[in-house]
Structure formats: structure tokens, C-alpha cells
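Throw the hints in and build the complete structure from the sequences for me.
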Amino acid sequence: MVGLMMVGLLTLTACGADSFDIPDLPGSGGMVAEYAPGLADTDIEDRAAAPDSEVREEVITTGTATVSTDDPAAAAADFSATVREHGGRIADSETSTRNDLPRATVTARVPAAEFQTVLDSLADRGEVVAQSTTSTDVGQEKADLEARQRALQASIDRLSELMAGADSVEDLLRAEEMLTQRQAELDSLTGQLDWLSDRVALSTLTVTFTVDDDGYRPPNVFEQAWETFLFSLQSVIIVFMGLLPWLVVIAAIAAAVLALVRRRRRRRTRPDREEGQPEE
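The C-terminal position of the sequence shown is numbered 280 in this note's numbering, with every residue numbered one higher than the one before it.
These are calculated hints, taken from the structure and not from any lab test. C-beta: ideal position from N, C-alpha, C; glycine also. Please note that the accuracy of each hint is not assured.
[Unchecked claim] Derived CB-CB ranges, DEER-like:
id : residue 1 : residue 2 : range
1  : 261       : 236       : 32 to 38 Å
2  : 235       : 70        : 26 to 32 Å
3  : 98        : 252       : 56 to 62 Å
4  : 243       : 64        : 53 to 59 Å
5  : 234       : 107       : 46 to 52 Å
Structure below.
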């Protein structure tokens with residue numbers, strides 16, 4: 001009895017696989033033809049697929065922009081702070097110098113409702129020289145994945161019931177094999193749905209901050225060297241001033257020790273002189 005129920009389940013999941021691109025189990029076609037002829041032609045697509053009226057608009061928005069500014073690093077830091085203020089996060093950030101021109105690139109994940117506000121704020125940080133936005137509706141794709149997820153979950157629940165009432169080791173092993181495969185497919189679908197949900201909830205905005213090639217003047221090497229020297233000299237003076245009280249104490253101790261040593265030497269020298277004088 002359990003074996004016949006498993007054959008029927010094989011037929012149902014095989015039809016579901018045709019509708020949802022789920023791989024068939026090896027050899028399942030022969031079993032269906034033998035135990036339940038005609039069931040392989042059953043179409044459950046209408047029952048599994050979501051009706052058009054239930055499909056919600058799910059939009060993934062991505063944008064890129066290039067902003068010309070006097071200080072790319074400072075502008076990038078300011079932009080990152082704005083993203084966090086609007087509930088977003090920084091996915092990637094990079095600061096570099098190319099052909100002596102500084103640049104900074106920030107990739108931000110912004111809540112969909114705040115995307116346009118954050119995008120408009122770029123005008124406050126310099127001249128927006130390039131900008132593009134792409135919106136993709138993945139509502140139908142997400143609805144199809146959810147339908148496949150429900151069908152797989154129903155198959156897994158049914159297989160669990162069959163395993164609980166299996167009459168033989170063969171039936172148990174066969175159900176366990178099918179359950180493992182269906183669970184792997186369900187986990188894959190769940191991962192895809194999670195990825196889509198994350199992309200819909202948080203839009204992606206990549207901004208590159210650069211400087212104007214004509215108006216930018218690289219820092220003078222000699223000026224940088226002089227500033228470095230002054231900074232080093234200032235550091236030495238600060239260290240010396242901090243050590244000065246200790247140096248005074250050490251000098252006083254050294255002077256006292258030196259005076260004591262000289263006094264002892266004088267005391268030793270006087271008896272030697274007195275012994276060396278001739279008697280009258």
C-alpha cells in the first residue's frame with residue numbers, strides 16, 4: 001500500500017517538475033507507467049502557479065553616479081554618513097589615486113523608499129557629471145519561485161508521512177532519497193527568494209567621487225617635505241619637553257654622585273702625601 005502511495009507521489013512530483021523545472025528522479029517514469037498509467041499526463045501547473053491577480057510589483061533598483069568634487073575622500077565619507085542616516089549600509093568603499101588624481105568609490109545599499117532622496121543628495125557634494133538608474137520588476141519571477149516553493153514543501157510533507165508509515169526498508173530508503181533531493185531543491189529556492197527579497201528591499205547605489213582634471217593641482221613635493229620636517233621637529237620638541245623634568249632629576253643625582261667620588265679620592269690622597277714628607 002505504501003509503495004503504491006509513493007508511486008502516486010512520484011507521479012505528482014514528476015508533473016510538478018515539468019511545470020517548475022524541477023529535475024525528475026532517475027527511473028521514476030517507468031514506475032509511474034507500471035503502477036499508475038495516465039497519471040504522468042496530469043497537469044498541476046494551474047494549481048501551483050500563482051494567478052496574475054496575486055502577482056505583486058517587486059522592483060529591484062540599481063544606480064550609478066559620478067561626482068566631481070574638490071576632496072573625493074571627504075565627499076565619500078560625507079555620503080557614507082548620509083546613507084547610514086537613511087537606514088542604509090555601506091557594502092564596499094575604496095579610495096585610490098590614478099594618474100595623480102584622487103578618487104573614491106562607494107557602493108551603498110539603501111532602503112528602496114529612501115533611494116531617490118539619497119541620490120538627490122549627491123548634488124550637495126559636487127557636480128554630478130554622470131548618473132544612471134535601472135529598475136527591474138521581478139514580481140512574476142518571485143511569484144513563480146514561491147509557487148515552486150509551496151509545491152516542494154507539500155511534496156516534502158507527504159514524503160515525511162510515507163516514511164513514518166513505511167512497511168519495508170526498501171520503501172523507507174526510497175522515500176528518504178526522494179526527501180533528500182526535494183529538500184535540497186527547496187533550500188535552493190529559498191536562497192533565491194531571500195536574494196530577491198534583499199535586492200527589492202535594499203536598492204544598490206554605486207558612486208564614484210573624482211576631481212576635475214583641469215582644475216586639480218597635485219600637492220607640491222617640496223611643500224610636503226617641509227611640512228613633514230616641521231611635524232617631525234615639533235614631535236621631537238614635545239618629547240624633549242616631556243623628558244626635561246626627568247633629565248633634571250637625573251643630572252642632579254649624577255652631580256651628587258660625582259661630588260661624593262671626588263671627595264673620597266681627596267681623602268685617600270692626603271694620607272699618602274703626609275707619609276711621603278721627610279722627617280725634620
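Against the structure, the hints:
Separation of residue 261 from residue 236 is about 33 Å and conforms to the stated range, judged on CB atoms against 32 to 38 Å. Distance hint for residue 235 and residue 70: a CB-CB separation of about 29 Å, consistent with the stated range 26 to 32 Å. For the hinted restraint 56 to 62 Å between residue 98 and residue 252, the CB-CB distance of approximately 59 Å keeps it satisfied. Distance hint for residue 243 and residue 64: a CB-CB separation of about 55 Å, consistent with the stated range 53 to 59 Å.
Under the hint 46 to 52 Å, the C-beta atoms of residue 234 and residue 107, about 39 Å apart, miss the expected range.
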